[in-house]
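Given the structure of chain A, go ahead and fit chain B onto it with the hints provided.
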Amino acid sequence: MEKNLYWEQFKRSLAIVKKNVRIYYSKGPVIIFGLITPFFLFLSFYIGRSMSAEALIPGLLGMTAFFTATSVGPAIVPWEARAKTLERLISSPISLWTIFLGDVLSSFFFGVVVSAFPVIVGLFIGVQIVNPWILGFGIILASFCFASFSILLSAYPPTDTPAGVMMLSAMIKFPLVFISGIFIPIEELPVWGKTVSLISPLTYFTDLARHSIQGQGYYPVELDLTLLAAFAIIFVVTAIKVHERTMEKRL
Amino acid sequence: MAVDHINFQVRKGELFGFLGPNAAGKTTTIRMLTGVIKPDEGKASVFSYDILREGLKSRQLMGIVPEMANAYVDLSAWNNLMLIGELYGVPKKKRQKIASRLLKEFGLYERRKHLVRGFSRGMKQKLLLCMALINEPQILFLDEPTSGLDVESQRLIRDMIRELNKSGATVFLTTHNMEEANQLCDRIAIINHGKIAAIDSPERLRLRSSGLQSIEVSFDKLVSIEDLSKVHGVKKAKKTGDKIRLYVDEPSAVLDKLVDFTRSRRLKIVSLNTLAPTLEDVFLKLVKES
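Residue numbers (numbering that gives the first Met the number 0), protein chains in the order written: chain A, 0 to 250; chain B, 0 to 289.
Isolated chain B, as found in the complex:
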């Protein structure tokens, strides 16, 4: 079962992230919400329109960037945009105006008459985003929108997503990139094996994850990981480059013990930092637990 009785709400105007490992059910969820596949059971609404009974109305409000690039490669960028505009019932003059503006914003205007067949992956992805925006959607479904793109294109698309969200569009974003989710999303749902493991803001997800706080320390001499693991309060020690990361519940309590350990071994601390868990740490922990 790809998705198993999940239950969540996305608020109007929210930038909502949907995170999960491969085959967790992210794309299946998007495909159900966008009418591509029918759920076996359950209910879902988009802007109060039932996705099954009022599918045409709910899809009219959506802009979609699917996981697989699927612009028509035998059509020009312009004709792709005109086609999608027509399928959404956007009047001719309006869709021409919006298409020109979008193509300029995404740096594709000069290539608008070229067949998409000759576009790079980054250009195709930008075009897909243009196609998703041609009907000025109230909600955007973005399935891995920056996957496989160069850093500059990723940044451009993230900036566009932020701008769109600022202008009032609700965004439903799936991504593998924790940093992207952390930077962009108001709230995040973590899904694994078709079930939702957690939903919260990125910051609260980090804070509520006990056992993932850590101290990163480096010494002037080599120190055994096993010895450090025995320091009171340390749950796990892990070598990260020339430093050692100690996973703890209460960093302040462990710091005293760590100083005692250093003195007893005549070591000098070269650097010492306390670290909050990254979203990636939280994600891995939740995925493992679920």
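Here chain A stands alone, though its shape is the one from the complex:
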């Protein structure tokens, strides 16, 4: 009975995924914050520097996965609160977990699919992938972790202004990019930089990408994978708990 209930709720979360894909992926802020901004940010860093493709692709991959998987999530709940469709979802026979699982999964799929592009570009320009399994598993785990992070970004304050949430999330996301070994490998960071980088889940995915492409990273692979999984669990549980507390204020 319980098993049936969970399976039924999971199927309904896939309906949320379909809805999100149809509605939100073509929205301007998602395209700007999710694709265009990180691309130009990377370009501005890359042009004029002599770096090997093997050193660049892990950073590009990290940024792409991070920005795409977190591009839709923060905006969905405020958008739906404003459009009064959130009330429709809450009054349906689905739990809050089902709604947010749908939101996380849609961001996750978006992150995984778009992350394939830097990998393809890398292969096209002759980059060797030393460990494709770790890279594939890392992309999946990291996209889920970042997607969970994205719904946490919209949990507080309980607003119905998507632009406000996007700005707030940009204020959190951009500093994380600079402390996560994207532009400068962790081993080259000063001690304080290394310490700060520990709090960013992006650090561990970038490190995994370096393991997979350059054949070496700063932390052990097992540690990267474990911490990404731990961050994912913390983000998703915290996000849903905070949303549970603040949901009525949005309606």
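Think of the hints as simulated: they come from the structure by calculation, not from any bench. Remember, it's a predicted structure, so these values are computed and weren't measured experimentally. Where a beta carbon is used, it is the ideal one built from N, C-alpha and C, also for glycine. Treat each hint with caution, since some may be false.
[What the hints assert, rightly or not] Under the rule of at most 30 Å between Cα atoms (straight-line distance), these lysine-lysine pairs were calculated in the DSBU-like manner:
# : chain 1 : residue 1 : chain 2 : residue 2
1 : B       : LYS96     : A       : LYS10
2 : B       : LYS37     : A       : LYS248
3 : A       : LYS240    : B       : LYS56
[What the hints assert, rightly or not] Which bits of chain A does chain B cover? Going by a derived footprint, with three or more residues having C-beta under 8 Å, they are:
# : region
4 : 18 to 25
5 : 83 to 92
Only chain B this time, still in chain A's reference frame:
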């Protein structure tokens, strides 16, 4: 406090009206029953399912038309219906069949592939009703379903509500429109300041309201309201167009006195009617008293 310790039961198969002025607590009550907001205290069950402990089961039986239009405007009418069908676990073929039938009944089938963004208010409201019916609900919560619609759309939606109720669905309806409540509802609850002022059938509510019976009379000459107010048995006199309405407890007793009044002033009665109170009269009186 939006709703204060209210207590009522809706019978299976009943068309139950929930009336009240603005901010009386109607929408809050519906939002609590449909799981949108949690009550601070108290208990409520829908078809014996506790709305808090068994919320998923109780909501599975519901169809809801909320007060604010909230179809997804960036989805087509068809995709809105498919989404809601999926959220209620309606199998694919069944939801497609029901969606086609509903869209045809509501005259939206030709526009099914169009984005809801381009729909008029009436079309959106019809779509919301379709969305509420896609899971063939046992109970329908309708929050002001005809508000702001043209007469034709109002009539169509009222007819649909009647049909649904006839086919066995329980209906919980909030409305500002007294005539709508009078025409549709088996019983009505009047709520004000979060408390229920009365629950009864529309007819019994009218009958039990003393002091709201009235005589409507017009004369061949102008007559002062003050003079008519002094006729024995008249509680209040009010000018309504070219007629005067006299509020009384017993119309038959006042009629004799009114004839005496007419003779003494050499007046002629042009028209005379005794009127039962309207639901609106009852509503206003109960709201004022509460």
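Against the structure, the hints:
1. LYS96/B <-> LYS10/A: OK: LYS96/B and LYS10/A at ~20 Å, within 30 Å.
2. LYS37/B <-> LYS248/A: holds, 12 Å
3. LYS240/A <-> LYS56/B: Distance of about 22 Å is within 30 Å: holds.
4. 18 to 25: holds (count 3)
5. 83 to 92: holds (count 9)
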